[in-house]
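Below, each chain spelled out in residue letters.
Protein chains: 2
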Amino acid sequence: MICHFKRHALLLTPLIASLWCWAGLAAHAQTDPLPSWNDGAVKKSITDFVARTTAQGSPDFVPMPERIATFDNDGTLWSEQPVYFQVAFAFDRVKAMAPQRPEWKTQQPFKAVLDKDMKALAATGEKGLLQIMAATHTGMTVEEFHKLVLDWTASARHPRFNRPYTEMVYQPMLELLTYLRANGFKTFIVSGGGVEFMRPWVEKVYGIPPEQVVGSSGVVKYQIGKDGKPVLTKEAKVEFIDDGPGKPVGINRFIGRRPVFAFGNSDGDQQMLQYTAAGAGARFMGIVHHTDAEREWAYDRKSHIGKLDKALDEGLAKGWTIADMKRDWKVIYPFQK
Amino acid sequence: MICHFKRHALLLTPLIASLWCWAGLAAHAQTDPLPSWNDGAVKKSITDFVARTTAQGSPDFVPMPERIATFDNDGTLWSEQPVYFQVAFAFDRVKAMAPQRPEWKTQQPFKAVLDKDMKALAATGEKGLLQIMAATHTGMTVEEFHKLVLDWTASARHPRFNRPYTEMVYQPMLELLTYLRANGFKTFIVSGGGVEFMRPWVEKVYGIPPEQVVGSSGVVKYQIGKDGKPVLTKEAKVEFIDDGPGKPVGINRFIGRRPVFAFGNSDGDQQMLQYTAAGAGARFMGIVHHTDAEREWAYDRKSHIGKLDKALDEGLAKGWTIADMKRDWKVIYPFQK
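Protein chains in written order, with the working numbering: chain A, 1 to 337; chain B, 1 to 337.
Hints in this document: simulated from the structure, not taken from any laboratory.
Please note that a few of the clues may not be correct.
It does not matter which identical chain is used: a pair holds within one copy or between any two.
30 Å max Cα-Cα, derived DSSO-like pairs, lysine-lysine [what the hints assert, rightly or not]:
id: 1; residue 1: Lys221; residue 2: Lys237
id: 2; residue 1: Lys204; residue 2: Lys147
id: 3; residue 1: Lys186; residue 2: Lys147
id: 4; residue 1: Lys318; residue 2: Lys226
With these hints in hand, go ahead and build the complete structure from the sequences.
Right, dumping it as structure tokens:
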């Protein structure tokens with residue numbers, strides 16, 4: 001442990017300084033920074049990595065500004081079943097907007113959402129989903145969208161757990177984020193999800209500020225409104241998809257440094273993990289493996305959501321850390337503590 | 001002044017705590033955080049803004065996470081004459097690459113650069129400049145480009161001052177960046193310049209980490225190289241121009257929060273300043289006005305580089321802070337201290 005009071009100690013009497021550091025060390029010895037992780041190789045791979053990259057004089061020491069840690073969001077920090085939560089938000093918006101859009105009663109893909117006809121919805125394919133996203137995510141200012149997201153996180157409930165979606169986050173990963181930050185790592189989200197969908201709530205939920213979120217985005221336009229005030233409006237045009245090979249591209253664009261630590265859960269994270277692995281010096285690559293149908297969900301190679309196939313093969317072959325939810329996590333959600 | 005030791009004071013005996021805070025206050029009273037700014041309305045507008053946005057209980061108090069400060073780079077943090085320094089870099093690259101590109105001896109716009117024929121170069125227009133940028137900034141990995149930039153900042157010298165370009169930064173602005181950070185502001189660069197051209201050196205020169213730089217960018221592609229290692233290569237396609245209306249768009253995309261403090265120097269910063277001004281609560285909008293031909297350069301409404309016309313009118317009309325270099329800055333560059 002590094003004594004955090006080094007700098008101040010110069011001003012204190014040596015006696016007080018040593019008592020203080022001693023108290024810190026004692027407190028540290030008693031506190032497990034990852035209490036929701038079961039003891040074992042996975043937990044040890046995390047604490048070993050942090051120990052050897054942060055100890056002064058260690059051959060694997062990483063200077064603080066280079067301690068960049070990136071996390072996928074869907075399936076890595078919060079759940080993604082039975083549908084990505086942003087899609088649940090979009091469906092709820094279709095329902096809320098329907099009274100003002102009577103034509104949706106007969107128009108696909110909206111009719112399918114309103115009728116809860118998942119088969120008809122699936123038949124509209126990716127095009128249908130993009131239409132739903134455009135109708136619910138654009139044609140408004142970024143502030144208006146921000147408010148819609150916050151209203152939804154406050155009111156919507158997950159169908160299986162009857163909890164706000166923002167409570168469907170993984171307690172072990174919350175502890176990991178806090179633990180990394182306490183050791184001088186800067187934590188970022190790098191998600192295929194929409195950046196404007198995540199930013200309103202990630203600071204409160206994950207302790208990650210909005211400026212440390214990389215995500216997919218639509219075109220935003222600067223305009224002077226009727227009242228003479230400038231506004232940023234969300235246009236119905238995809239700008240950037242932060243998924244697969246887009247993740248290292250997004251990391252380079254937004255962060256401009258290669259992570260030393262990355263965690264994902266699906267093939268969409270494979271390139272981020274490869275890119276992290278290819279840097280010089282100590283590296284940590286982690287994968288959340290969804291193995292717990294009872295407490296969460298169990299899926300991997302054949303799932304439509306969060307498919308984990310090629311990245312699992314590469315992770316197993318290269319000795320990346322594979323966190324098995326059932327084996328490695330004492331609890332899943334904070335409300336189960 | 002806020003006593004920075006509040007949290008620790010709980011652990012100290014009250015006597016030591018009060019001595020400590022007293023020492024801090026005494027030291028503070030003696031130190032001017034902006035010694036290179038002449039006393040006057042401009043300096044006072046800065047210190048007043050910081051005082052009222054950071055004092056607990058002040059009606060203008062801004063919580064620390066929202067203390068976002070954005071700075072243009074060219075003409076605001078460093079000089080931009082006789083040409084933008086990134087263009088000087090591109091010209092130097094053309095000269096360095098010429099032995100491998102014999103066809104450039106007869107091919108415009110490269111011939112003009114090699115002949116130092118500025119008239120012929122101007123005749124190739126924006127298209128010519130884009131060709132030069134593509135030839136010198138793309139077709140390599142981001143790491144290779146990073147190294148070229150650092151080699152150039154170490155070796156190239158400004159034609160007028162015979163100094164490395166990274167010494168052509170404004171001492172008063174360096175002090176302002178430090179002062180804002182000491183008061184809990186997070187400082188960002190929001191520049192029309194290339195993000196990959198700035199990131200290699202901004203941390204050392206400005207104390208701003210690469211992840212807090214927003215700039216123009218070209219398309220970057222993720223590929224697996226011949227050795228099986230993934231690389232990011234710079235493609236000859238413009239992706240985003242972070243200038244004019246692009247600045248609030250870039251701020252929204254990269255930072256996701258509206259600044260409370262912004263500083264620019266040209267019409268390319270007008271929309272960033274408008275967007276900053278349009279937020280609720282206390283706001284600071286600043287413009288560097290280049291008025292000192294002797295110590296730096298004097299230019300504004302009619303300049304091809306860093307044209308300041310409409311933004312100056314709006315700034316004067318709305319009472320933004322206009323820093324007059326000649327009047328308000330004791331020194332321009334650190335090497336003149």
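Against the structure, the hints:
| no. | hint | in the structure |
| --- | --- | --- |
| 1 | Lys221 / Lys237 | both (11 Å within a copy, 21 Å between copies) |
| 2 | Lys204 / Lys147 | within (15 Å within a copy, 39 Å between copies) |
| 3 | Lys186 / Lys147 | both (27 Å within a copy, 24 Å between copies) |
| 4 | Lys318 / Lys226 | between (58 Å within a copy, 19 Å between copies) |
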